[in-house]
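S.K.: What follows is the residue order along each chain.
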Amino acid sequence: MSWNTLLFMIFPYVATVVAVVVTVYRSIYRPFTVSSLSSQLLERKKLYWGSVSFHYGVVIILLMHLLALLFPKGLQLWNAVPIRLYLLEFSGLALGIWSLVGLVVLVWRRISDARVRTVTTSMDVIVLLLLLVSMISGVLTATTYRFGSTWFTAVFSPYLWSLIVLQPQPELVAPLPWIIQLHALNYFILLFVFPFSRLVHIITLPLGYLIRPWQVVIWVREARARAD
Amino acid sequence: MNVRAHISMLFHLDKCIGCHTCSVACKNLWTDRKGAEYMWWNNVETRPGTGYPTQWENQDHYQGGWKRMKNGLQLRIHSRTKGILKLFFNPALPDLEDYYDPFTFRYEDLFNSPAGDDQPTAIPISMITEKPIDIETGPNWDDDLGGSTIYAENDPNLKDVPQEVREQLGELERLVFNYLPRICNHCLNPSCVAACPSEAIYKRGEDGVVLVNENKCRAWRMCVAACPYKKVYYNWSSGKSEKCILCFPRLESGQAPACAHSCVGRIRYMGVLLYDADRIPDAADVDDENLVAAQREIILNPFDPEVIAAAKANGIDDGWIESAQNSPAYKFVKEWELALPLRPEFRTMVMMYYIPPLSPVVSVIEKDLVKLDLSEEMHDFEVFHRLEAARLPTEYLASLFSGGNVEIIRKVLRKMLAVRVYMRRKSVEGEVDQVALDALEKAELTEAEAEAIYKLTTIPTLDERFVLPPYHREMSIEAEGMDPLAHKGETGVGYLQVPMRGE
Ligand code: SF4
Chain A
1 MSWNTLLFMI FPYVATVVAV VVTVYRSIYR PFTVSSLSSQ LLERKKLYWG
51 SVSFHYGVVI ILLMHLLALL FPKGLQLWNA VPIRLYLLEF SGLALGIWSL
101 VGLVVLVWRR ISDARVRTVT TSMDVIVLLL LLVSMISGVL TATTYRFGST
151 WFTAVFSPYL WSLIVLQPQP ELVAPLPWII QLHALNYFIL LFVFPFSRLV
201 HIITLPLGYL IRPWQVVIWV REARARAD
Chain B
1 MNVRAHISML FHLDKCIGCH TCSVACKNLW TDRKGAEYMW WNNVETRPGT
51 GYPTQWENQD HYQGGWKRMK NGLQLRIHSR TKGILKLFFN PALPDLEDYY
101 DPFTFRYEDL FNSPAGDDQP TAIPISMITE KPIDIETGPN WDDDLGGSTI
151 YAENDPNLKD VPQEVREQLG ELERLVFNYL PRICNHCLNP SCVAACPSEA
201 IYKRGEDGVV LVNENKCRAW RMCVAACPYK KVYYNWSSGK SEKCILCFPR
251 LESGQAPACA HSCVGRIRYM GVLLYDADRI PDAADVDDEN LVAAQREIIL
301 NPFDPEVIAA AKANGIDDGW IESAQNSPAY KFVKEWELAL PLRPEFRTMV
351 MMYYIPPLSP VVSVIEKDLV KLDLSEEMHD FEVFHRLEAA RLPTEYLASL
401 FSGGNVEIIR KVLRKMLAVR VYMRRKSVEG EVDQVALDAL EKAELTEAEA
451 EAIYKLTTIP TLDERFVLPP YHREMSIEAE GMDPLAHKGE TGVGYLQVPM
501 RGE
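Protein sequences, first through last, are from chains A and B. Residues in the first sequence are numbered consecutively from 1, following this note's numbering. Residues in the second sequence are numbered consecutively from 1, following this note's numbering.
I should point out that these hints are in silico values taken from the structure, not numbers from a laboratory. For glycine and all other residues, C-beta sits at the position ideal for the given N, C-alpha and C. Any given hint might turn out to be false.
[Unchecked claim] Only pairs whose alpha carbons sit at most 27 Å apart, straight line, appear in this in silico DSS-like list of lysine-lysine:
(1) Lys15(B) - Lys426(B)
(2) Lys46(A) - Lys34(B)
(3) Lys70(B) - Lys86(B)
(4) Lys46(A) - Lys86(B)
(5) Lys86(B) - Lys45(A)
(6) Lys82(B) - Lys67(B)
(7) Lys159(B) - Lys411(B)
(8) Lys442(B) - Lys426(B)
(9) Lys46(A) - Lys131(B)
(10) Lys46(A) - Lys82(B)
(11) Lys411(B) - Lys426(B)
(12) Lys15(B) - Lys45(A)
(13) Lys331(B) - Lys426(B)
(14) Lys45(A) - Lys442(B)
(15) Lys45(A) - Lys131(B)
[To be verified] Simulated DEER-style distance windows between Cβ atoms:
(16) Val81(A) - His61(B): 45 to 55 Å
(17) Glu478(B) - Val165(A): 42 to 52 Å
(18) Gly138(B) - Leu63(A): 42 to 52 Å
(19) Cys19(B) - Gly208(A): 37 to 47 Å
Looking at chain B on its own, in the form it has when it is part of the complex (with noise of 0.2 Å):
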């Protein structure tokens, strides 16, 4: 047993508002520059929808992730003499075109502009020429299902859904959709470091965040097509690859990432993870529908007293393990199982996990209204039994979440629901049937597991969303051969040069 500790991100959809806080926030502190202008290294997505950039799962476009051959799993990219001979022309690179043309305004004009008959009006400039362009696509182009038959219709993850089913969704009346806040996933087995040919891109043993060391980068950005959630982006102006860091400088000061932090929804929580680093090569070799499964499995019990001598003899310190023990990543993966990784067949193994949404109720139509065929105190029983009946389809959830096994998701949604139910006779009716009972014993849940599920989920207080490890950065500091004292309150330890594009 390797024990290591990962520093892992959980997303709770039924949460998720869609308001893009996260990305603005993102934006202003990391994105916010020359050459990065095009970079969402958060985004939220609309789902069903494309994505950005567009169509990022479709790796038979791109290339992404590792596939399962019979000596073991491959990068889908390359070998490592092809990774050579496609240095000077990489094919599975996404056009910019594939992310947007950046754009702002020229607002000087609406100051600037002569008096005239007209108002002056700001156009559209592309941010990379600075010459006035056809804005034809952003980020979020399809939000809240835009374009819907353009981009919903696309959507990789609906090839399961059955054919009528994928038609209704596209009737108005039962459209349906929810977001997917998206960030780089730190996975175990990044399929990023596999491909970098220049060996820039690396995994920190400590809490497991995946970085691109810039000064050893020559942009041959195959991270960025070996990535299959398209989450490393080519910085055109700097000529090196960046992605999302995780804030590690706000981490290591005990703070949340940025993203994290000012979620409006509060969907997000962070915590430690304990896993075996030795069976991780055997975790991502096995069936798509075990995938979920063999990733729990890796995941250690941070209580276990071997687990805890293991983590110990492999240089974890006790406020790391009282960390992993208290984690909610450790609770909604493990113990409650249901958070779950997004596409876990691209076996990268990732380390940000997914609670999935529920669907809005059931509804009928009515002389052309939307109405509700049930009464109200029976509309949860009415999906916890006919979970296949569910507005936002099985399959399609399946696909996304659990490698095609519908089996995990309906335990999930199961679970949730029976929460929801228990709940609800708990705290509105103020009294506990046997119905409620029923539902959690169907959901395999014990009564102070949903309680404590619907705490965490509905009422957590800051200090429960984000439980962060001691980094004790003043040691690494040290290590550097600096004061740490000179660097206290800051983050990061100032520019060792000025980043400067190469001539």
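The shape of chain A in the complex, shown without the other chains (with noise of 0.2 Å):
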């Protein structure tokens, strides 16, 4: 079994199975777990310039990756005139160093802030390494194989595809470049981790509050009215 096989094959399903059994499990076993774990109270300036621009910036970058996948022709279109391509293309590369100094606030604020590095786990770490890895992949893949938007359109969304409907391709990715490899290999890395660290925090979103009645009142009485 080749490298190639193992790290794009094996273990992109390994990392899936693992990442969607354990967040079930922990979601409805161990709900307790399963929280943002803020630390703003400890600490509040070096989060505000970190957290903000790290968590914006990170959220529309994966968004436009989902859209790059889901419609490539849509993206090639879109590409086809060089004003829009360059538009897109220094927007994504904006956003990436823009989270990036975010993050590297955050693991500045992990480090040099006594009452933060007291609630800090080893799980932490290895989450703010990953995420480093990701990221700084990320931005050298944008600065030097430009074009991004474009050719992962070609290469990535039907390698991507490959893996979702289990006809597995992994030889699409092994002509490319090492960093952008890293960059892909790190993300199933992430996913794997997932589960085990506070990354869950992001599957809690909470978009029903935009609905929900402002009050909530729950009666015991209903539980035994069940019971009967």
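Make the complex out of the two chains shown on their own, each in a separate frame, by following the hints.
M.R.: Structure below.
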């Protein structure tokens, strides 16, 4: 078995299965451990500069990746006009750098603030390192192998789709430069780590808040009636 | 009419001696844990003062409670969308510095230090980092007006007090203060519940206790900011929000909450109030000075046959109705109109009520000595007819307890003074004269009422102070599919899972 098969065919499936199974298990049987584990109470200023830029940057970038996966045709059409391509590439890179800066601030905060250090677990360190690898390799890819928004649709979309439809073609990534392979592999590692780390808080995005009634009243006697 | 029952606590501030027994009882029972060191679910503040956390009443800063808008009440902290957008950073969240860095002392050093010329000392260390720190403040730094020029002067409630009175309050000979014990108010219109994006906080329908479901809490901390009383706290270690639970495991087994039970001054009363849940939105949406009246209005008379019928239709059993009829809360809040909500203009409709304190008797300074300028039997009358000269300014009390409505405070003070005058005539001087009867009349009290107020204020038994409803806990345990006998005599039903900080 080649490295390529191991890392880009077997591992992605393992990571996905682990991510789904453990996340479901954790949400149902260990809900207390699911938390964003905010440390804003302990340190505020650096968190503001780090957290806001990191989160918003990352959310938008991930959405862009998703769009490229779902609508490769549309993206190519958009990129057909050079000015639109430049616009997209430029904003993508800017967002990448913006969130990388946010992440660096967050890492620095973890290291420099004594209070934050006391609530830092080894898993937090692992997650931060993985995120650093992910963002640095991403930004490097964007700058050294230009116009990713175009070749992504030609290389990555087919590869990811091959995984999704269970006819994996790991050889599609084999010819890519190592930095891009690292970026992709790191994604799967993050996916693997996801359910064991604070990253699970991502799935708890509370969109229900937009529509629920303001007040929440729970009746024990309703539970009693159900039991009868 | 949608009748619901609520368990309510009263604080008779005249009786509070500021001993902090309540806070310590609560701390020992609930918050003596990692991550909870800085939390005081029950705290006692010296007023005038800035309280804990510092200046908690200042909603321009903390964004707690509700505000009146054209289309009804809105949370001050955020709209729904803004609530989601601010998940990554919550600008209104207090800093640890607004509370204090919890500290202890390195006591081991007293025993383990090597022999030397100096006595070993136990240096203060932070309970978070366990590193030595300089203690700069604590949860009770301004106790008994310590540091008045920094704390008392900055009490937000002094804003309506005339300038010359404010200055007098700072003079040593005229210093005046009272204690304000505070727990979660278990509000009817809680802003913490409304602000939680994860729907983790809820109100128990049966008794109105507001609780955080920590299994649902995701540490967005909107509740901490949205509670105008700052009575939800974030546990920095477990990554979950926590608050006063009104000792519900004790309530369910027929005991008063630890703070109330341990209270040395016996200032606390507990009882059931029946209220009309349908009228909450309207009652919270009136002018500041009418808030107290509107809130009293939705508390229902437990003797009224219509109310009883509606209560039964709503599943409130006879035991609870009887409990509501004997409730000291009903007497003080509704019958005698002596107990008032704390800062009602936050519009959360608190269900813990305060009987405001009387002032010390009026005095003058003579040859540098503080001396009373009245004969003893005149003290109460002096204040009775000149409430505006009370040492604790009525504007100040009005800001705390009646949404700025001074007339409500005057009425309450007049009643309490009239009871005092009447009872002194009766028990010390042996004869009730016309003056005492006039005072009662002016305070709109009958002799029987005065007697009842006196009794419940000064010589109530434990059972009169705490009239607790039958919870039928065994049925709730059954409803969870468990055997009540297996948990007899226990509080709670054990750990489902030992709480552990998420990775
Ligand atoms: S225990 Fe009672 S008297 Fe003592 S501070 Fe607390 S409320 Fe006041």
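S.K.: Please name the hints from earlier in the document that this structure breaks, with their numbers sorted from lowest to highest.
M.R.: Failing hints, ascending: 12, 14.
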